[in-house]
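Student: Chains as they are written, first to last, in the working numbering: chain A, 1 to 150; chain B, 151 to 300; chain C, 301 to 709; chain D, 710 to 1118.
Every clue listed holds true.
Quick list of simulated restraints, FRET-style, between CB atoms: (1) D:K1003 to C:T622: 49 to 57 Å; (2) D:D749 to A:G80: 52 to 60 Å; (3) D:P948 to A:E88: 24 to 32 Å; (4) D:E952 to C:E690: 43 to 51 Å; (5) C:N407 to D:E952: 26 to 34 Å; (6) A:D143 to C:H672: 28 to 36 Å; (7) C:P619 to A:G27: 37 to 45 Å; (8) B:S174 to D:P948: 55 to 63 Å; (9) B:T152 to D:K1003: 42 to 50 Å; (10) D:I1109 to B:M151: 14 to 22 Å; (11) C:H672 to A:K126: 31 to 39 Å; (12) C:D697 to A:P105: 34 to 42 Å.
Simulated from the structure, these hints should not be mistaken for laboratory data. Note that the structure is predicted; figures quoted are calculated from it, not measured. In this text, a Cβ means the ideal position worked out from N, Cα and C, and glycines have one as well.
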Amino acid sequence: MTSLDELYREVILDHYRNPRRRGSLSGPHVHAEGQNPSCGDEFFLDLAVEDGVITDLAISGQGCSISQASGSMMADNIVGKRISDVREITRKFKIMMSIEDGDNPVDPERPGSVLGDLESLQGVRKFPVRIKCADLAWTTLEDALDQTTE
Amino acid sequence: MTSLDELYREVILDHYRNPRRRGSLSGPHVHAEGQNPSCGDEFFLDLAVEDGVITDLAISGQGCSISQASGSMMADNIVGKRISDVREITRKFKIMMSIEDGDNPVDPERPGSVLGDLESLQGVRKFPVRIKCADLAWTTLEDALDQTTE
Amino acid sequence: MIDLSHLRGDFPLLEREINGYPLTYLDSASTTQKPVQVIDAVDTYYRTINANVHRGAYTLAAEATDAYESSRAKVADFIGASHANEVVFTRGTTTAINFIAYGWGLNNLGEGDKVLLTVMEHHANVVPWQIISRYTGCSLEYLSIDDGFEVDLTTLDDILDERVKVIAVSGMSNVTGALGPVTALVEAAKAVGAIVVVDAAQLVPHVPTDVSQLGADFVAFSAHKMLGPTGIGALWGKPDLLERMEPTEGGGEMISDVQLYESRWAPVPHKFEAGTPPIAQAVGFGAAVDYLSKVGMADVRDHEQAITRYALDRLADIPDLTVYGPPDVERRGGAVSFQLADIHAHDIATILDQYGIAVRAGHHCAKPLMRHLDVPATARASFYVYNTTEDVDTLYDGLIEARTVFGLT
Amino acid sequence: MIDLSHLRGDFPLLEREINGYPLTYLDSASTTQKPVQVIDAVDTYYRTINANVHRGAYTLAAEATDAYESSRAKVADFIGASHANEVVFTRGTTTAINFIAYGWGLNNLGEGDKVLLTVMEHHANVVPWQIISRYTGCSLEYLSIDDGFEVDLTTLDDILDERVKVIAVSGMSNVTGALGPVTALVEAAKAVGAIVVVDAAQLVPHVPTDVSQLGADFVAFSAHKMLGPTGIGALWGKPDLLERMEPTEGGGEMISDVQLYESRWAPVPHKFEAGTPPIAQAVGFGAAVDYLSKVGMADVRDHEQAITRYALDRLADIPDLTVYGPPDVERRGGAVSFQLADIHAHDIATILDQYGIAVRAGHHCAKPLMRHLDVPATARASFYVYNTTEDVDTLYDGLIEARTVFGLT
Ligand SMILES: Cc1ncc(COP(=O)(O)O)c(C=O)c1O
Ligand SMILES: Cc1ncc(COP(=O)(O)O)c(C=O)c1O
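One chain only, chain A, in its complex shape:
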């Protein structure tokens, strides 16, 4: 597979074209905004949390396939989970993407077993300037989580 094919895997294009949980929340929620000034990507997040569990979320904004797919996969992955677990997923994601240091948590023998569809984003690592695209949703998420615990 060429690096381009690895970067633009079908599952990524699918999330880009059919992003999950687009929109906004009307009930009680926190709101966070992330921006990537160098390329203009925007990522807006509404997050509803009850008793330490993410009960709902909605995404808006726009950007490249990587930033949008990363956000869409993130949404799939965190709704219904406890904040502490979500923080752990975030950590694992950032390590997988070499954004944070650590041993890659992904099990190459069992693709998808650790971070689900998100593992398909590993191809981005070969494109250092695009890593911040993949990261945008997660930085915004961290911002939102910080607000819930304030």
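With chain A's structure known, arrange chains B, C and D with the ligands on it following the hints.
Tutor: What follows is chains B, C and D with the ligands alone, placed relative to chain A:
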């Protein structure tokens, strides 16, 4: 003679150390100021004119040997002369110094016969950055002359 | 089409390989590559002349001053200025426009006054005026863009009145390539006594420009967009306006006297050049305009028009590709912005980069225009003297490949 | 004395002949010569990496951005900053101080407020404050110079009160070589809540400087005075102050969003770097601090102290020669200003130049200090890493010759 000896002829050092007509005028006169921002030289001129004749002048300010000697020699050369003659001297001086275009008016056979002591300033031509030092007094003089005819 | 392909050998960087492919450099609207003549001029300056300017009675300093000032004369000549002193060296277009906004604006604008801009302006010609409007209370007005991607002059009469003190317009959009309506705005400005500022960052490098004919009061441009070094640009101004304008930066070399509580300024242009100027860069700038003059700006323009026409034709063959810009190459330059199907510009740039093709993706420092066009970002290919129709063909192939990567057939 | 003579071979310009003599370059306080390592870094950048920074999704642009940002990290490291983002690239010291005067001053100073300067400041640290005082109504106060050519702190208590909002002081005078009383003024500023701006144009190149220890709020310096290219310098600031300070220049790259009537700024440091920055120059700046780090700033300082001591000793042997500056090399750097008998500084420079010796003559952009010293101009010899005691001997011989030319024996 080395270029340095030509530049710093004795007559120049004499005018530098014993400048003629220093001071200021109390009677009716025009005043002009010249400055050379790059080296800080200053040349201030009081000029008294009656019926188109320069009847008196006084010089103040400070600067390098070339600018001060040039001014001192100028003073010697123009008092008592008609403005039209002084303009002609100015023109000849500037041509001699290659500040203006033209055939050098100085007669090498008879040194001093055309511009007097001023001819000793020809050595400055080999030092292009110093030509504006020699010129300062004359530019200030032109400014003063322009005021008398306004 | 004028053949400039012999120039390519002058540009060492064009020999680079990127991701296993020869570089196809299509981002000259952002910054151009440099010919050896410019690179060597800078190098030689540092090796043989380097000294500070204007302040030295010694030989080296005189040589450095000569080199610096003769570059000023070359740049002045290049744009048809009547005198070298009409050219102020700045850090670039951005600094030049800020110098006008502060030096002229802070001292001449106030509550009720208006600055008229266009929606297609680069941030460099928007943000300085916003800052000055905050300090002075003046307000900003905008001319919009019509469906042909050109500045819409139909609302001009409604906006124009004596309160308009500045009209600031781009000579050529770095996004759409559209030429700005400088002549019309100069006329309009005359009627109300406004000054006209031309952001010529894309104009001077690409279109023969004669400031003595243009009618504008200030013209700003950058060396790095016309084969010259980074770190330098120029502000041309009408002599009487430069005379009256206040300096923005204070410091050494821009004064004739400094007392403890007040100072007097040096004559134009030095009063606008506080501190040690970008000397080596000025020398490189001089070498760049020498180079362009030798090629001939009429030929540069011809070449770019031909290549832009070729590019517009080829891009028209690609399904789902939209070009944002005028179709007529007489009314535009060689910055070609486009969107391909639902592929985000950033993804296009990444895919093309895999084939060694360098295009820009994003808002191109023109967010108001992007909002107006209702696109978050575009991809942009832009051309200069060293580009060829083969470069366009390579771009075409890369875009077809991008369709494939995104599963479009 | 530390032997740095092996470095001379790195500086191509030092091989020049001037008027038939080998060049003796004694004007480093004005601008320094460049080692091949710096010249080549700039050259290589243009030949292999050149692209605009921050805006590109393609390989070259990423490489250019890396090169630019890694130079920022090097410069930050060189001055002991805790984070690269505390360093803003500017055109030089002058622009850096203007950025503070406008960005902080226009927004924080007003009628009744005071800016405290010293009489030994370079125009770069005087004129910007005069301009801002005109716009804001704040006033300027000065500390004088004592008989030992150092800043006179005895009047500090009288001047100091809560209305003093800024204390701006030179880290080292470019005329007398005297070190500025930064530590004392930092203490004084703390007492009244003022910010401290250090003009470090002569400090950072010559004395090991650790901004994390210095206590100042802003530190400004220029690359060209520390072996780097012209056209670039740096402003270091305390993070929270940079955070709160307004940008001076508006334009591309310094925004996070631009709407028609208002904008939001990018994070520090980018909000202070409007437009295309001096990219190649930043790369050269990085190479310069690499070079100085390799030599070691402690050794640079040692070397200069030794050579200055030697120079002061030799000059003391010349009849009728007056040195304007502290005698103790612990309290000064290597800029040695002097007057010889009644020979005007400009004449001294011309005579020395005939022997290939480059010294500066004039007011050194420090007119207030010249007035205080009651001299219209001085000649100045200044030293850097490549100078040797032989250079001082050559200077000595040249000055004896100057006496002869002027008929003094
Ligand atoms: C003490 C001092 N401050 C400021 C400056 C100005 O530096 P630049 O001309 O590089 O802006 C200089 C150099 O001329 C200097 O010596
Ligand atoms: C139209 C236009 N104006 C202004 C600028 C700013 O030029 P610089 O970044 O060289 O200051 C640019 C380039 O980015 C431009 O294309």
